[in-house]
Amino acid sequence: MGDASPPTGGTNVEGETPRIEPTVETEEATITDEAELERTLGLSGGLAIGIGTMIGAGIFVFPGLAAGNAGPAAAASFAIGAVVALLVALPTSELATAMPKSGGGYYFISRGLGTLAGTVVGLSLWFGLVFATAFYLVGFGYYAVDTLAELGITVGEGLVIPTALLFGAGFTVLNVTGTENAAKLQNGVVALLLSILVAFLAYGGLDAAGLIGDPAAPEQFAPFGAVPVFSTAALVFTSYLGFAQVATVAGEMKSPGRNLPLAMVGSVVIVGVLYVVTVFVATSAFGSDRLTELGETAMVEVGRHYLGTAGAVAIVFGGLLATMSSANASVLSTSRAIYAVSRDALLPAGASRINLRYGTPHVALGLAGGPILVLTATGRVELLAEVASFLHLIMYGLICVALLALRRDEPDWYDPEFRVPGYPAVPVLGAICSFALIGFMQRASQLVGVGIMLLTAGWYFYYAGDVELRGNL
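Mapped onto full-length UniProt numbering, the consecutive letters of the sequence shown carry residue numbers 1 to 473.
Because the hints were derived from the structure by calculation, they are not lab data. Note that beta-carbon positions come from the ideal geometry of N, C-alpha and C, so glycine has one too. Among the hints, a few may not be true.
Restraint-style ranges between C-beta atoms, simulated for each label pair [claimed, not checked]:
#1 Tyr462 with Lys254: 24 to 32 Å
#2 Tyr462 with Leu192: 43 to 51 Å
#3 Tyr462 with Gly156: 43 to 51 Å
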């Protein structure tokens with residue numbers, strides 16, 4: 001059909017137009033008039049961002065909460081989450097190789113479906129990542145207090161939130177001093193985490209299967225029926241948000257045509273398997289009731305059950321690393337999301353200013369860090385996790401819709417290096433599953449999510465109603 005998209009046009013309330021033309025994509029960097037985002041991330045870096053963001057809080061904070069809601073069938077909840085994530089990862093990979101820009105899902109939707117959808121998703125993605133990061137930081141606070149308890153220093157849960165706030169501020173500062181610093185920390189943390197987890201899960205898995213130690217008394221697989229399995233999948237879906245973070249740093253990735261799809265699909269598969277085994281190991285150690293009592297740090301007691309004090313210390317250390325790594329990767333992606341939205345004149349231009357000394361979007365990082373600390377202070381773990389899932393699932397569903405729209409129109413500029421196998425079934429299923437999962441969330445999370453979307457739509461009509469982004473690369 002050729003290129004049906006209109007030329008760049010429109011201004012926001014302040015008379016700014018989208019800053020689009022001067023982006024040059026080379027093999028070494030993404031270059032704009034103002035700065036250069038170096039392509040320093042390879043496949044291992046992409047996998048580290050994907051696995052690092054996902055493996056964090058989910059595996060250490062959720063098993064107790066999930067098993068309390070769904071019993072041993074919580075393992076199926078994590079598997080459902082992985083299937084939905086894979087259905088979205090493939091369309092995201094195709095779009096990211098056609099448009100390897102740092103905005104990720106926001107960029108694909110604004111170019112494929114237009115400015116209103118783009119504004120709602122771009123600003124909701126910012127809020128979604130802020131909610132997710134706050135959730136990770138609260139998890140970090142719980143693990144920090146548990147670490148002190150293992151060392152014989154009892155401080156009580158009163159220190160959970162102050163600790164989370166202190167480290168949240170620290171990660172923001174770290175990211176201002178450069179992506180490479182943040183990525184180096186990320187790679188080291190992920191390697192260490194995977195070693196701890198694989199060793200623990202291998203032993204725990206053999207024990208749970210009755211091959212070593214005493215066989216566990218079997219508990220009914222789905223003691224609360226089928227619906228809690230899906231509502232738990234909606235809750236724990238936050239654990240899979242990392243795969244799409246890889247697309248937000250596409251502009252900084254070497255040979256994105258090969259590395260992006262591999263990093264996204266690879267990280268979902270690796271993490272999905274780890275989650276399912278973790279829940280199997282946890283529910284074999286304790287019944288659902290006991291895991292519910294243990295709450296956010298239930299995995300520490302699971303570690304103690306299998307390997308004594310050494311197991312508890314390994315899990316406490318792993319939980320600290322994991323929640324830290326998730327928070328760090330999310331702060332990085334939150335700032336990238338603001339940077340992309342501001343560059344398109346949907347937020348004031350100042351938000352996308354690049355720090356000339358460090359080459360990072362320091363104003364965007366400040367805009368990410370502030371709200372994160374406010375939400376962290378609430379300490380509402382399940383609500384923070386579900387609102388983050390809600391806002392991301394809206395984006396994931398619309399990514400699939402954007403792919404369908406672009407494939408239908410096939411504009412001249414659309415030339416992805418990777419095409420989704422099983423088209424159109426994969427994006428259609430991806431969209432349906434993403435939206436359906438939202439229906440299983442608690443009412444409060446749905447209301448907060450809808451409220452944020454209405455707020456962002458209102459901002460579009462007030463601030464950027466004349467900006468035209470569809471097809472504008």
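Hints, verified against the model:
The hinted range of 24 to 32 Å is not satisfied by Tyr462 and Lys254, whose Cβ atoms lie roughly 40 Å apart. The hinted window of 43 to 51 Å between Tyr462 and Leu192 holds, with their beta carbons roughly 47 Å apart. As the Cβ distance of Tyr462 to Gly156 is approximately 46 Å, the hint placing it in 43 to 51 Å holds.
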